[in-house]
Amino acid sequence: DAGVTQTPRHEVAEKGQTIILKCEPVSGHNDLFWYRQTKIQGLELLSYFRSKSLMEDGGAFKDRFKAEMLNSSFSTLKIQPTEPKDSAVYLCASSQQGNTGQLYFGEGSKLTVL
Amino acid sequence: GQQVQQSPASLVLQEGENAELQCNFSSTATRLQWFYQRPGGSLVSLLSNPSGTKHTGRLTSTTVTKERRGSLHISSSQITDSGTYLCAIGGTGSKLSFGKGAKLTVSP
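Heads up: the protein sequence lines correspond to chains H and E, in order. Okay, so the first sequence: first residue is 1 according to the numbering used here, each after it adds one. Okay, so the second sequence: first residue is 1001 according to the numbering used here, each after it adds one.
It is worth saying that the hints were derived from the structure and are not from the lab. Glycine included, every Cβ here is placed at the ideal spot set by N, Cα and C. Hints are supplied without guarantee of correctness; some may be wrong.
Listed next, the in silico EDC-like pairs over lysine to aspartate or glutamate satisfying Cα-Cα at most 20 Å (straight line) [what the hints assert, rightly or not]: (1) E/1103 with H/86; (2) E/1100 with H/83; (3) E/1100 with H/44; (4) E/1103 with H/44.
Listed below are several chain H residues computed to face chain E (Cβ distance under 8 Å; list not exhaustive) [claimed, not checked]: (5) 20; (6) 27; (7) 28; (8) 31; (9) 42; (10) 65; (11) 97; (12) 105; (13) 106; (14) 107; (15) 112; (16) 113.
DEER-style ranges, computed between Cβ atoms [claimed, not checked]: (17) E/1041 with H/12: 16 to 26 Å; (18) H/80 with E/1017: 41 to 51 Å; (19) E/1079 with H/14: 15 to 25 Å; (20) H/96 with E/1039: 35 to 45 Å; (21) E/1044 with H/56: 37 to 47 Å; (22) H/66 with E/1016: 45 to 55 Å; (23) H/51 with E/1039: 29 to 39 Å.
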């Protein structure tokens, strides 16, 4: 079975640009998460979907961050407009529904904003 | 929201020594999970242990839910164990809150 697939692996953007990161969860998983990882803050939850419905949208990130799940096998994270402080690794993870479901992570998308 | 504190933040060992990583959390939880991350790599689940003690290979996870703490013991550390170990806490549902990680360096 394929794991969580994220594209692109690396992205360099100019300040003010719009970038879109993509994620394909593990087939059959109902829950999908977007996290941001930095050395200072660690992992911060950006968005959480269950069966394509948005369950949680990280309060601090509502302004310029928008995650969507168009179907059960594809999600996007749009950052508009980008700022240098958005430089981080963006991780997508999926799980089967329920608190016993293992969380599987993608390789991440490393974003650098100049 | 759930706050997760890990200690130590970093640890340097010689090959063969044991490591003890701590995790403390602020609110009631039904799940504690340990992840491993290599530099520049993704997170891989090591153990999920809601309470009590669980072993897998050289890893032992102990969780005391009432005291809101857990630990990960790595015995006979190897160079390939080097990386970051993250503690994650969950309640109902599959959402997890993560600590900032403990960076382990094992030298020859």
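Going down the list of hints, with the structure as the test:
1. E/1103 with H/86: violated, 23 Å
2. E/1100 with H/83: violated, 23 Å
3. E/1100 with H/44: holds, 10 Å
4. E/1103 with H/44: Holds: residue 1103 of chain E and residue 44 of chain H sit about 18 Å apart, inside 20 Å.
5. 20: violated, 20 Å
6. 27: Violated. Min distance 16 Å.
7. 28: Not OK, violated: residue 28 of chain H not within 8 Å of chain E, min 14 Å.
8. 31: holds, 5 Å
9. 42: Residue 42 of chain H check passes; min Cβ-Cβ to chain E is 4 Å, inside 8 Å.
10. 65: Violated. Min distance 17 Å.
11. 97: holds, 7 Å
12. 105: holds, 4 Å
13. 106: holds, 6 Å
14. 107: Holds, because the Cβ-Cβ distance from residue 107 of chain H to chain E comes to roughly 5 Å (cut-off 8 Å).
15. 112: Result: violated, 14 Å to nearest chain E Cβ.
16. 113: violated, 19 Å
17. E/1041 with H/12: 16 to 26 Å: holds, 20 Å
18. H/80 with E/1017: 41 to 51 Å: holds, 48 Å
19. E/1079 with H/14: 15 to 25 Å: Roughly 40 Å apart at Cβ, these two residues miss the hinted range, so it is violated.
20. H/96 with E/1039: 35 to 45 Å: For residue 96 of chain H and residue 1039 of chain E the Cβ distance comes to about 29 Å; the hint is violated.
21. E/1044 with H/56: 37 to 47 Å: For residue 56 of chain H against residue 1044 of chain E, whose Cβ atoms are near 24 Å apart, the range 37 to 47 Å is violated.
22. H/66 with E/1016: 45 to 55 Å: holds, 49 Å
23. H/51 with E/1039: 29 to 39 Å: holds, 35 Å
In terms of the numbered hints stated before, the structure departs from hints 1, 2, 5, 6, 7, 10, 15, 16, 19, 20 and 21, listed from lowest to highest.
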